[in-house]
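Colleague: Mind docking chain R with the ligands on chain B? Use the hints.
So the sequence lines, in the order shown, correspond to chains B and R. Residue numbers for the first sequence follow my numbering, beginning at 1 and rising by one. Residue numbers for the second sequence follow my numbering, beginning at 1 and rising by one.
Calculated directly from the structure, the hints in this document are not laboratory data. Check before you lean on any hint, since a few could be wrong.
Here are a few chain R residues that sit away from chain B, every Cβ distance over 12 Å (derived from the structure) [unchecked claim]:
no., residue
1, Tyr-16
2, Ile-49
3, Leu-130
4, Ser-141
Pairs of lysine to aspartate or glutamate, EDC-like flavour, derived with a Cα cap of 16 Å [said to hold, decoys possible]:
no., chain 1, residue 1, chain 2, residue 2
5, B, Lys-41, R, Asp-89
6, R, Lys-57, B, Glu-358
7, R, Lys-83, B, Asp-176
8, R, Lys-8, R, Asp-89
9, R, Lys-187, R, Asp-89
Covered stretches of chain B, as calculated for chain R (at least 3 residues, CB under 8 Å) [to be verified]:
no., stretch
10, 133 to 147
11, 165 to 173
12, 228 to 241
Quick reminder that beta carbons are idealized off the backbone N, C-alpha and C, glycines included.
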Amino acid sequence: MDIAEYIRLVFSDYTLRTITLGTAILGAVTGMLGSFAVLRKQSLLGDAISHAALPGIAIAFLITGAKDSNILLLGALVSGLIGTFWIRGIISKTHLKSDTALGLILSLFFGFGMLLLTFIQKQPNANQAGLDKYLFGQAATLVESDVWMMTIVTGACLLVLLLFWKEFKILLFDADYTKTLGFNTKFIDILITTFIVLATVLGLQTVGVVLMSAMLLAPAAAARQWTNSLGMMVFLAAIFGALSGVFGTAISATQNNLSTGPVIVIIAGIFVLFSFIFSPSRGLLFKQIRFIKNRRDLQLHKTLTFMFRIAETHENISHPHTVKILNNFQGFTKRTLQKLVRKNYVKLDGNMWSLTEEGFKTATNLYNQQNSNDE
Amino acid sequence: MSKNIAVKVDDLTVAYNYKPVLWDIDLEIPEGVLMAIVGPNGAGKSTLIKSILGILKPIAGSVEIFGMSYAKQRHLVAYVPQKGSVDWDFPTTALDVVMMGTYGSLGWIKRPGQKEKKEALEALEKVGMLAFKNRQISQLSGGQQQRIFLARALVQNASIYFMDEPFQGVDATTEIAIINILKELRKAGKTVIVVHHDLQTVPEYFDWVTFLNVKKIATGPVKDIFNDDNLTKTYGINYKVSIQE
Ligand SMILES: Nc1ncnc2c1ncn2[C@@H]1O[C@H](COP(=O)(O)OP(=O)(O)OP(=O)(O)O)[C@@H](O)[C@H]1O
Ligand SMILES: [Mg+2]
Numbered sequence: 001m002d003i004a005e006y007i008r009l010v011f012s013d014y015t016l017r018t019i020t021l022g023t024a025i026l027g028a029v030t031g032m033l034g035s036f037a038v039l040r041k042q043s044l045l046g047d048a049i050s051h052a053a054l055p056g057i058a059i060a061f062l063i064t065g066a067k068d069s070n071i072l073l074l075g076a077l078v079s080g081l082i083g084t085f086w087i088r089g090i091i092s093k094t095h096l097k098s099d100t101a102l103g104l105i106l107s108l109f110f111g112f113g114m115l116l117l118t119f120i121q122k123q124p125n126a127n128q129a130g131l132d133k134y135l136f137g138q139a140a141t142l143v144e145s146d147v148w149m150m151t152i153v154t155g156a157c158l159l160v161l162l163l164f165w166k167e168f169k170i171l172l173f174d175a176d177y178t179k180t181l182g183f184n185t186k187f188i189d190i191l192i193t194t195f196i197v198l199a200t201v202l203g204l205q206t207v208g209v210v211l212m213s214a215m216l217l218a219p220a221a222a223a224r225q226w227t228n229s230l231g232m233m234v235f236l237a238a239i240f241g242a243l244s245g246v247f248g249t250a251i252s253a254t255q256n257n258l259s260t261g262p263v264i265v266i267i268a269g270i271f272v273l274f275s276f277i278f279s280p281s282r283g284l285l286f287k288q289i290r291f292i293k294n295r296r297d298l299q300l301h302k303t304l305t306f307m308f309r310i311a312e313t314h315e316n317i318s319h320p321h322t323v324k325i326l327n328n329f330q331g332f333t334k335r336t337l338q339k340l341v342r343k344n345y346v347k348l349d350g351n352m353w354s355l356t357e358e359g360f361k362t363a364t365n366l367y368n369q370q371n372s373n374d375e
Numbered sequence: 001m002s003k004n005i006a007v008k009v010d011d012l013t014v015a016y017n018y019k020p021v022l023w024d025i026d027l028e029i030p031e032g033v034l035m036a037i038v039g040p041n042g043a044g045k046s047t048l049i050k051s052i053l054g055i056l057k058p059i060a061g062s063v064e065i066f067g068m069s070y071a072k073q074r075h076l077v078a079y080v081p082q083k084g085s086v087d088w089d090f091p092t093t094a095l096d097v098v099m100m101g102t103y104g105s106l107g108w109i110k111r112p113g114q115k116e117k118k119e120a121l122e123a124l125e126k127v128g129m130l131a132f133k134n135r136q137i138s139q140l141s142g143g144q145q146q147r148i149f150l151a152r153a154l155v156q157n158a159s160i161y162f163m164d165e166p167f168q169g170v171d172a173t174t175e176i177a178i179i180n181i182l183k184e185l186r187k188a189g190k191t192v193i194v195v196h197h198d199l200q201t202v203p204e205y206f207d208w209v210t211f212l213n214v215k216k217i218a219t220g221p222v223k224d225i226f227n228d229d230n231l232t233k234t235y236g237i238n239y240k241v242s243i244q245e
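Chain B extracted, bound-state conformation (with noise of 0.2 Å):
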């Protein structure tokens, strides 16, 4: 299949669309909850979550025996909310650091699921042939009920973080000051941490236990790189997170057995390279090139001050000197001189040279301005 009719089937056929809609869904809605994870520096947080959910899905199962992905993931959400709130127990009430929590949670709930998977594989008239799908995930088996359910808890989640904007922003910059507002910060935190739950619980069955921090993470690492507003922030890791997942679905559609959860994890992974890459303002390309561009600057405006300098002991300000003068100061070259020619700073006159008015006028600035920072 190619990417023509790639786009010709999103229109017409109803299992791709479904799948197309549900992962671009999954990708805003854990794009923009994992802007609150990423902010509060709780990247483990996703990771922890997803693993406690597994023995949740285990449990549904075992009572149940139901293969239905609603009430199996009723059971992840259980058990990821228990999870998740005794890590916050344990950091409260022991003095452990937090990632100690996350890892302990993490190790001992995946343990736990693991065992009953395999508990569960060896019941001879069982029929656990769905059970491993949510260890790597597997987008096609998303039906329309599941993206009703993701669309459902998308709205809600958008809807709160509109009602409690203030109330979140100022709780992942400033705790404590929070606190002292007036304001009930565990009551903003659970909150904010219920709709985490939800959201990675949710995508378990699309990309499953093990990538799924990778959906809440990179959208939200990769939009921070292009702008200094926390609003912008959370548009644009939906943004990212949402084409991720149209592109993953596009990609491994068109490319046969390549799963949908990995690929959708490494087109978000390639947003954020791109996004660390060539950031205007966080970028290391652009870093770079600023430094190279301040060195050369630098450099200029020491020749100039050297020949302000040299200027400066004649009463005619633009009176010529000779080049040769200019090799007494360590670091001239030719090119630094036919830069300040070129910028109209310097007239260059044979063997002579002299600065002009607005050299003159700029070397004054640069000269005070070092002196004043001499001081």
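Modeller: Okay, now just chain R with the ligands, sitting in the frame of chain B:
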């Protein structure tokens, strides 16, 4: 001269782990003073402020603000945390941070509007940071960040101000600018409580002082109790020499 008591702390004991970091603190701060809290690193100065403000839960003891619990009086209290307590790489602007000072009076859900923005701009002006209002906060210098925190507290328009090391890492000009603002607050009848490290400037800046090192060593007017005896009790023998020059 009988003054109202702005802050009253009774038998306050606070511990993070098992060992108390504040032990049985009794403290009365009269209204309208500009008070320094001094003590060595780890003495519990920040902890004292956080406990008064209800950020930390004490093991024992009580706190009253103008005779009532903090929860009832919090609209009268503003707080300037230690600058290092937040991540300055947070995606927001200087104006936005100052605006946070209005969130308390706004309450839940309601968004700040024109009135709040105007108040925030005025506070920025007062601390000389109006030109930086749209600057991303990570691109401010340490002293500028400190001024932003001060402006955020000014917006709260409180009666009692708690400030945790507002002079930390600021240059001489900023220090003078900040102390002038604090003195203005006092002149307006406000009570200002400042964790302070530079002992040399205590007599010049403050009229009231509390010596703290796990226990309260002394509290009272600077001219009566700011002496070698109390400094030695608070900081240990060696401190005496360096303060006398
Ligand atoms: N979150 C915490 N968990 C455990 N111990 C803490 C915590 N915060 C502070 N402490 C301990 O409590 C004691 C008092 O700390 P506090 O921050 O109140 O001191 P301080 O007087 O403000 O010091 P500084 O001058 O360095 O700011 C210190 O011994 C410190 O190690
Ligand atoms: Mg402190």
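Colleague: Need the list of violated hint numbers for this structure, in ascending order.
Modeller: Numbers 1, 2, 6, 8, 9, 10 - these are the hints that the structure violates, sorted from lowest upward.
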